[in-house]
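A.B. asks: Please build the complete structure, drawing on both the sequences and the hints.
In the order they appear, the protein sequences are chains C and A. Quick note, in the numbering used here, the first sequence goes up one by one and the last residue is 376. Quick note, in the numbering used here, the second sequence goes up one by one and the last residue is 376.
Check the hints yourself; a few may be wrong.
Covered, in the sense of this in silico footprint (three residues per stretch, anywhere, with C-beta under 8 Å from a C-beta of chain A), are these stretches of chain C [claimed, not checked]:
no., region
1, 205 to 213
2, 217 to 224
3, 245 to 253
Since the hints were made in silico from the structure, they are not lab data. Using N, Cα and C, we set each Cβ at its ideal position, and we do this for glycine too.
2 protein chains.
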Amino acid sequence: MALLNYLNTTHFDFGALAMLAPEAKRLGITRPMIATDAGVRAAGLLDKALEAWGDPASVTIYDETPGNPTERAVLAALEIYQAQGCDGVICLGGGSPMDLGKAVALLARCGTPLAQYDPLAGGRDKAKDIAPLIAIPTTSGTGSEASLGFVIIMEDGRKLTFASPLFIPKVAICDPELTLGLPPAMTAATGMDAITHCIEAFLTPVVHPPAEGVALDGLRRGWRHIERAVADGSDRQARWEMMMASTEGALAFVKGLGAVHAMSHAAGRIEELRLHHGTLNALFLPAVLRFNADVCEEKYARLREAMGLAPGADLADAVADLNQRIGMPAGLAAMGVTEDHVPGIIEFSQKDLAARSNPRRASADDYAAMIAATM
Amino acid sequence: MALLNYLNTTHFDFGALAMLAPEAKRLGITRPMIATDAGVRAAGLLDKALEAWGDPASVTIYDETPGNPTERAVLAALEIYQAQGCDGVICLGGGSPMDLGKAVALLARCGTPLAQYDPLAGGRDKAKDIAPLIAIPTTSGTGSEASLGFVIIMEDGRKLTFASPLFIPKVAICDPELTLGLPPAMTAATGMDAITHCIEAFLTPVVHPPAEGVALDGLRRGWRHIERAVADGSDRQARWEMMMASTEGALAFVKGLGAVHAMSHAAGRIEELRLHHGTLNALFLPAVLRFNADVCEEKYARLREAMGLAPGADLADAVADLNQRIGMPAGLAAMGVTEDHVPGIIEFSQKDLAARSNPRRASADDYAAMIAATM
Numbered sequence: 002m003a004l005l006n007y008l009n010t011t012h013f014d015f016g017a018l019a020m021l022a023p024e025a026k027r028l029g030i031t032r033p034m035i036a037t038d039a040g041v042r043a044a045g046l047l048d049k050a051l052e053a054w055g056d057p058a059s060v061t062i063y064d065e066t067p068g069n070p071t072e073r074a075v076l077a078a079l080e081i082y083q084a085q086g087c088d089g090v091i092c093l094g095g096g097s098p099m100d101l102g103k104a105v106a107l108l109a110r111c112g113t114p115l116a117q118y119d120p121l122a123g124g125r126d127k128a129k130d131i132a133p134l135i136a137i138p139t140t141s142g143t144g145s146e147a148s149l150g151f152v153i154i155m156e157d158g159r160k161l162t163f164a165s166p167l168f169i170p171k172v173a174i175c176d177p178e179l180t181l182g183l184p185p186a187m188t189a190a191t192g193m194d195a196i197t198h199c200i201e202a203f204l205t206p207v208v209h210p211p212a213e214g215v216a217l218d219g220l221r222r223g224w225r226h227i228e229r230a231v232a233d234g235s236d237r238q239a240r241w242e243m244m245m246a247s248t249e250g251a252l253a254f255v256k257g258l259g260a261v262h263a264m265s266h267a268a269g270r271i272e273e274l275r276l277h278h279g280t281l282n283a284l285f286l287p288a289v290l291r292f293n294a295d296v297c298e299e300k301y302a303r304l305r306e307a308m309g310l311a312p313g314a315d316l317a318d319a320v321a322d323l324n325q326r327i328g329m330p331a332g333l334a335a336m337g338v339t340e341d342h343v344p345g346i347i348e349f350s351q352k353d354l355a356a357r358s359n360p361r362r363a364s365a366d367d368y369a370a371m372i373a374a375t376m
Numbered sequence: 002m003a004l005l006n007y008l009n010t011t012h013f014d015f016g017a018l019a020m021l022a023p024e025a026k027r028l029g030i031t032r033p034m035i036a037t038d039a040g041v042r043a044a045g046l047l048d049k050a051l052e053a054w055g056d057p058a059s060v061t062i063y064d065e066t067p068g069n070p071t072e073r074a075v076l077a078a079l080e081i082y083q084a085q086g087c088d089g090v091i092c093l094g095g096g097s098p099m100d101l102g103k104a105v106a107l108l109a110r111c112g113t114p115l116a117q118y119d120p121l122a123g124g125r126d127k128a129k130d131i132a133p134l135i136a137i138p139t140t141s142g143t144g145s146e147a148s149l150g151f152v153i154i155m156e157d158g159r160k161l162t163f164a165s166p167l168f169i170p171k172v173a174i175c176d177p178e179l180t181l182g183l184p185p186a187m188t189a190a191t192g193m194d195a196i197t198h199c200i201e202a203f204l205t206p207v208v209h210p211p212a213e214g215v216a217l218d219g220l221r222r223g224w225r226h227i228e229r230a231v232a233d234g235s236d237r238q239a240r241w242e243m244m245m246a247s248t249e250g251a252l253a254f255v256k257g258l259g260a261v262h263a264m265s266h267a268a269g270r271i272e273e274l275r276l277h278h279g280t281l282n283a284l285f286l287p288a289v290l291r292f293n294a295d296v297c298e299e300k301y302a303r304l305r306e307a308m309g310l311a312p313g314a315d316l317a318d319a320v321a322d323l324n325q326r327i328g329m330p331a332g333l334a335a336m337g338v339t340e341d342h343v344p345g346i347i348e349f350s351q352k353d354l355a356a357r358s359n360p361r362r363a364s365a366d367d368y369a370a371m372i373a374a375t376m
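C.D. replies: And the structure:
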């Protein structure tokens with residue numbers, strides 16, 4: 002049975018940051034923790050958020066979120082949240098601060114350990130409540146501001162995906178102004194994350210037509226504007242469109258994701274490499290599009306339509322060409338992945354939540370072949 | 002600023018009616034009023050709902066909803082609701098029982114008179130709360146199960162549209178099984194209502210890309226399946242697709258509607274004619290598509306794509322042809338509208354909430370011309 006569940010409220014436009022104080026008031030947040038990272042602070046975006054908040058004395062700041070956030074960082078932030086008597090979380094940043102903030106908001110209300118909420122271990126219903134959460138993205142890719150998931154690298158090395166409608170931030174504030182200073186390489190990598198969300202969510206066999214409509218609209222915008230945003234970061238329309246593609250991608254992936262994300266999560270957990278999630282998605286996408294092609298013929302026609310490609314155009318080639326034009330690495334090897342890493346990527350890909358909703362079931366050999374093609 | 006607000010939960014599939022009892026329990030409804038009408042009861046659908054509920058003794062039934070519900074009927078139902086100590090409303094039917102049920106749920110919590118909640122008279126914020134509401138559509142057209150609006154003919158003759166996120170039913174149960182017995186004429190008229198929702202919502206200039214994606218997906222389904230559903234009511238796939246088009250149309254019209262709905266509301270308030278809303282939409286749609294054409298060039302290209310029409314095909318002609326194929330009346334005159342009615346339709350069209358979001362502003366003369374073209 003199809004469950005069509007849309008529960009988010011998003012303020013979206015240049016200047017939307019002005020909604021922070023009134024929305025926090027509406028949600029009853031008086032002593033927020035702002036979960037962010039050093040890069041966001043260095044870019045001056047934390048100052049902008051504090052200015053929009055208006056009362057810096059009431060704010061606790063946690064700016065030590067690592068890229069691909071860890072359980073250790075979540076617990077450190079939680080300790081500060083509790084010590085400071087915070088009553089809500091404002092996530093400010095890309096996917097990492099948003100995911101960390103979601104975890105803190107959950108643990109603040111429902112308690113540790115985090116692993117008990119793992120949906121693959123029957124933990125989905127253990128999350129009963131979450132502290133009020135406002136998400137303010139500063140990149141256009143993750144879409145975590147509108148999504149029901151977050152991903153944490155656990156102490157035992159697993160990269161776990163947690164998912165519940167509870168984890169959708171009560172309010173998202175999407176202000177493309179905050180992305181104007183994002184460098185070209187990050188614009189490209191996060192933009193490919195958004196595009197991959199739209200494509201993978203559309204392709205999962207879960208029945209959710211509204212989410213598919215949203216995915217195609219997001220893909221159309223992302224595909225047509227990513228090169229402009231990479232080439233000229235001050236192109237306001239391109240920034241607006243990329244942020245919309247990102248939030249639409251996340252609205253769409255209530256349907257689930259697929260093998261691209263399974264492999265990106267699996268490769269993203271290699272701690273010594275700290276690989277960027279969006280870049281991994283961009284690289285894995287062509288191989289997965291080739292792998293799924295036979296079972297997605299009708300849907301591929303609609304993807305081509307949204308992307309403005311000729312009927313019958315090769316989707317995987319189109320993505321690979323785009324990757325090259327926007328400066329993505331040539332392959333996994335160029336990112337530092339070696340043959341030694343491959344067995345681990347295969348193993349964790351198969352265990353990943355996203356693997357379950359790929360339109361075609363992938364065996365260990367299939368993953369090995371897709372990884373080899375992406376090296 | 003764009004406000005992207007999706008707040009509904011929909012169970013959708015053959016057999017979804019089984020979700021009624023558990024969802025009512027979740028919402029705390031123990032003594033529901035079922036708001037329905039004589040036709041729904043005669044078709045045996047009330048019995049199906051009572052069976053799904055399981056405890057008929059706890060249910061109060063109001064089955065006197067008129068087509069195009071009136072304030073008088075709302076107050077009659079409210080009196081029974083209060084006398085019976087009901088604690089929630091289950092709307093079962095097409096648009097009329099759903100709109101009546103929403104009004105009862107509002108008045109049960111916030112009090113009479115209904116007119117104080119008129120958004121055009123500053124009443125939007127006066128609605129603070131609403132009794133728990135479950136909507137079960139038995140036609141595929143209105144989409145009221147997923148929409149934030151309801152329409153009531155007031156004692157003073159106005160047809161008012163009330164709108165608030167509060168009025169989105171907490172849960173919608175969309176079971177295409179309930180539409181298998183709908184006669185061809187009603188299938189056609191309600192189906193054109195859904196198609197019009199998708200088209201008008203997509204065309205309004207309000208910025209809401211996710212809703213536009215949903216609108217196009219709904220249009221694609223509705224346009225490709227309405228003839229099958231009309232020709233063979235037992236075609237389960239066509240019934241499923243039409244119900245999805247209907248619910249997607251309503252998800253889309255959070256953006257607002259346009260001149261088609263302004264005129265349909267204005268003509269629908271003529272009490273001696275009791276004209277069907279979906280049929281009116283079908284008839285007005287070609288004239289409005291011609292009126293808007295110059296300001297919607299880019300969007301018309303996307304409508305053609307969703308409908309599978311050739312590039313450059315005339316949208317208005319395509320709709321008029323479809324109307325003929327599915328047995329819609331030849332024009333307003335054939336429905337009993339006379340020249341005497343026209344000044345009233347013009348007057349109330351201009352005052353209607355939907356008139357404000359038409360992509361091109363229509364004057365009294367413009368409305369006169371569109372009505373004349375539809376006679």
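A.B. asks: Okay, which hints does this one fail, numbers in order?
C.D. replies: Per hint list: zero violations.
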